[in-house]
Amino acid sequence: MPTIFFMRSLVKVVPAAILMVVLCGPATAGQKDGFKVNDPHYGEVLFNFYQQEYFTALTDLLVSRDFNRLIHHQAEAALLEGGLLLSWGQHEEADQIFERLLSNTDDQAVRDRTWFYLGKVRYQRGYVDAAEQAFLNIRQPLPLELDAERLNLLARVYIDQERYSAAAAVLSGWEGPEIWLNYARYNLGVALVRMGQLEAGAELLSQVGTIWAYDEEQLALRDRANLALGFAYLQAGLEGNAKPILQRVRLNGPFSNKALLGAGWADSANNDYHKALAPWQELNRRELLDSAVQESLLAVPYAFSQLDAEPQAAEYYARALNIFDAEIVRLDVAMDDMGNGQLITDLLDQDQSSAGGWYWQLASLPNDDRARYLYFAIADHNFHEGLKSYRDLMSLGEHLDVWQTKLSTYHDMLNTRKNAYSKRLPILNERIAEFDVVEMQASYEDLQQRTTAARNEHDVLALATASEQEQWRRISLLEDNITWSQQESAALREKQSILKGLLLWNMEREFNIRAWHQDKQIEKLGEEINKTVRNFTSIDTTVGGIPETVFEFDSRIAFLQLNLDQMKRKLQLAKERHATYLYGLVVGEMQAQRKRLVSYRAQARFALASIYDRLSMKGQ
Amino acid sequence: MGVWDLKRFLFLGIVVLLAVYSLAVGAENDFQTLDQETQELKSAVLELNRDLSMLEEELLYPANTQVAVFVSMDVGEYFALDSVEITLDGKNVSNYLYTEREVNALHRGGVHKIFIGNLKVGEHELVAIFTGIGPHDRDYRRGASLTFSKNIGAKYVELMISDREQNLQPEFIVREWE
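Those sequence lines, one after another, are chains E and X. If you count by this note's numbering, then the first sequence holds residues 4 to 623, one letter each, in order. If you count by this note's numbering, then the second sequence holds residues 119 to 296, one letter each, in order.
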């Protein structure tokens, strides 16, 4: 499965690549990823996204969108949401968002590229049929490299679906970049062999098996091609052809055990047991949990027995028996030690990484005997994906625990607020009640009317100063005196008349200015009164709304608390299901291992007994 | 033992491979069911987290009094950011030390919300001190300030680290986010 191998190195860039393709168009090296950020909260989402904090970024995005803070980035935000969901492992939801958005996009190139990445992601997640659908949605040729990858992925989809002729039809006659050409040849070769066309398949696999490889990926591809072809020859009974092919596989590569075993088979099929011993004895020294190594423990004594070296054969069978016995005991102890949930906890205890989602990979294994067996389980795609999901769930659970504490604090905070309000509100309400807006307005209107009347009637006295009004009153009082009309008061009357005239002249002179000032002051007073009324109304409304606000928060907290409790229970159940599933995978692998060991042990016993029989017959 | 035994080896190998394959197919189906459940659950938690975050913000930082300060970077080649210190009306409200990952996120166009709080309506003064490594690998510490008016409604302030190409120096700008 070269594509899976290859995708492991590429999958990290997929969500980011989708965003680059959809949001920014083709990216160039050194280019700033984004564009101008016009809403700070959108930039905040990007800040978390670039740090692979997908959950935080997604939450920020949803919150900001609900608060209407992404006005300038609405379209990008929707696409970013899809990319973030994909990064967080929510490929179904991301799919829906992309499909909805892309159905509204006219740019066919953007749509095709997005379908390509979606197909790739789906294939990686094991959704083979959905991946095929995504690849088939691509309408126009993609850029050369992407198109080459698309064809190879589609062929892999067909091979996984056991539709070999469809895979062959996709790749037959295809020409493209060299690196992809090799994958295409390999995939086509495998498809042809499985269709029974060994000769045609062998030609292609042989081409890949002799490429000049310059990196680990290419070396692995070359090894795989040789291994596949070697075993195809062995199965077809063409052992002579198989050996040179299997010898091309590197001795220190991941496929070397199987190649060594196959090479021994090829020699033994040609009755050349001396030669067969070399690869099998090399295998004997390797890690026992590999089935090829286990098989080699039987193959070596078998070769000796074929060479009539019965004592050596007996010795090696006895050795194999001891090794199988010891391993079965070790396996049983390890299975007992696995302990359902404990195993997963131990695994994650080793994990120091903080990044979630797809990028996460288990850094190390527990430092005990279980590690040997887990090593094989963890290499399994499903196990690793399941463990990642478990870890996500665990992290969400921890996150909800934090909220649990916070909600409790907010609840207390609201209670404190309620208590404070219950003390302050009556005093405030009393002050509000004392404030008579109607009376204030009436006084103001009366003042306004009096000023208008004074102006209309030219009432200079009404606008006089307080001292002038007092002087006027005192001068006028003289006229009420009983002696006022008498002869002896004539000089006084004349004096009073002069003073009164002077006072009146002064008031007359100031009248217009005073009237203007009075108008201005009344206007200003009106504004002040309006402001005061507004402030009081606002205070009144706020104070009146306090219980409502507090109760609204109260009910929201109660609802969220309920939701939170429910969610924590669901998370716990999901975690348990994951732990059971993962435990099942590990134990399943271990049980298969045990079954195989028991079967090999039985064969070793039988073969050893046969040798002893033959030796005793010879002795007689 | 002869060819028959060899075939038995091969047969055994094929049986084991088939058993592993059928196990793998079963596990694949289990995984997909589990994966779908997980996705649904994660989606529900995300929704809950959104509601909780909104509640928190409305409760602690109501829109009328809210003030938030953001740090952004435009190029920033002449300055390697270490930390930012913020003083609001003479009171230190934030001291933030940046990690390499965060600085990288800023370089790529991310914007960091360094402070969120509440302010009364009226005039306020914000002072930001930027610390890091400047041109010629020297320790660099610069301040920038802004006097702004807070009205009813949220106020966002941006602290932008930029490059002044003319004299090959970094530039620190504090402004109201427009």
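Misleading hints may appear alongside valid ones.
To be verified - Here are the simulated EDC-like pairs of lysine to aspartate or glutamate, each with C-alpha atoms no more than 20 Å apart in a straight line:
#1 E/K598 to E/D340
#2 E/K571 to X/D153
#3 X/K209 to X/E276
#4 X/K238 to X/D207
#5 E/K421 to E/D557
#6 E/K426 to E/D557
#7 E/K598 to E/E290
#8 E/K571 to X/E155
#9 E/K573 to X/E276
#10 E/K527 to E/D543
#11 E/K527 to E/D449
#12 E/K409 to E/E313
#13 E/K409 to X/E174
#14 X/K231 to X/D200
#15 E/K621 to E/E290
#16 E/K409 to X/E176
#17 E/K39 to X/D281
#18 X/K231 to E/D69
#19 E/K409 to X/D169
#20 E/K391 to X/D281
#21 E/K498 to E/D522
#22 E/K571 to X/E165
#23 E/K391 to X/D169
#24 E/K39 to X/D192
Stated by the list, open to error - Selected chain X positions facing chain E (in silico; Cβ < 8 Å):
#25 N167
#26 E220
#27 V221
#28 G227
#29 G228
#30 V229
#31 H230
#32 F233
Unchecked claim - To spell it out: a stretch of chain E is covered by chain X in this simulated footprint if at least three of its residues, at any positions, have a beta carbon under 8 Å from a beta carbon of chain X; those stretches are:
#33 64-72
#34 91-97
#35 202-209
#36 429-443
#37 456-465
#38 509-523
#39 574-588
Derived by calculation from the structure, the hints in this document are not laboratory data. Small disclaimer: the values here were computed from a predicted structure and weren't measured. Ideal placement from N, C-alpha and C gives every residue a C-beta, glycine not left out.
*Earlier hints that do not hold, by number*: Numbers 9, 10, 12, 15, 20, 21, 23, 27, 32, 35, 36, 37, 38, in rising order.
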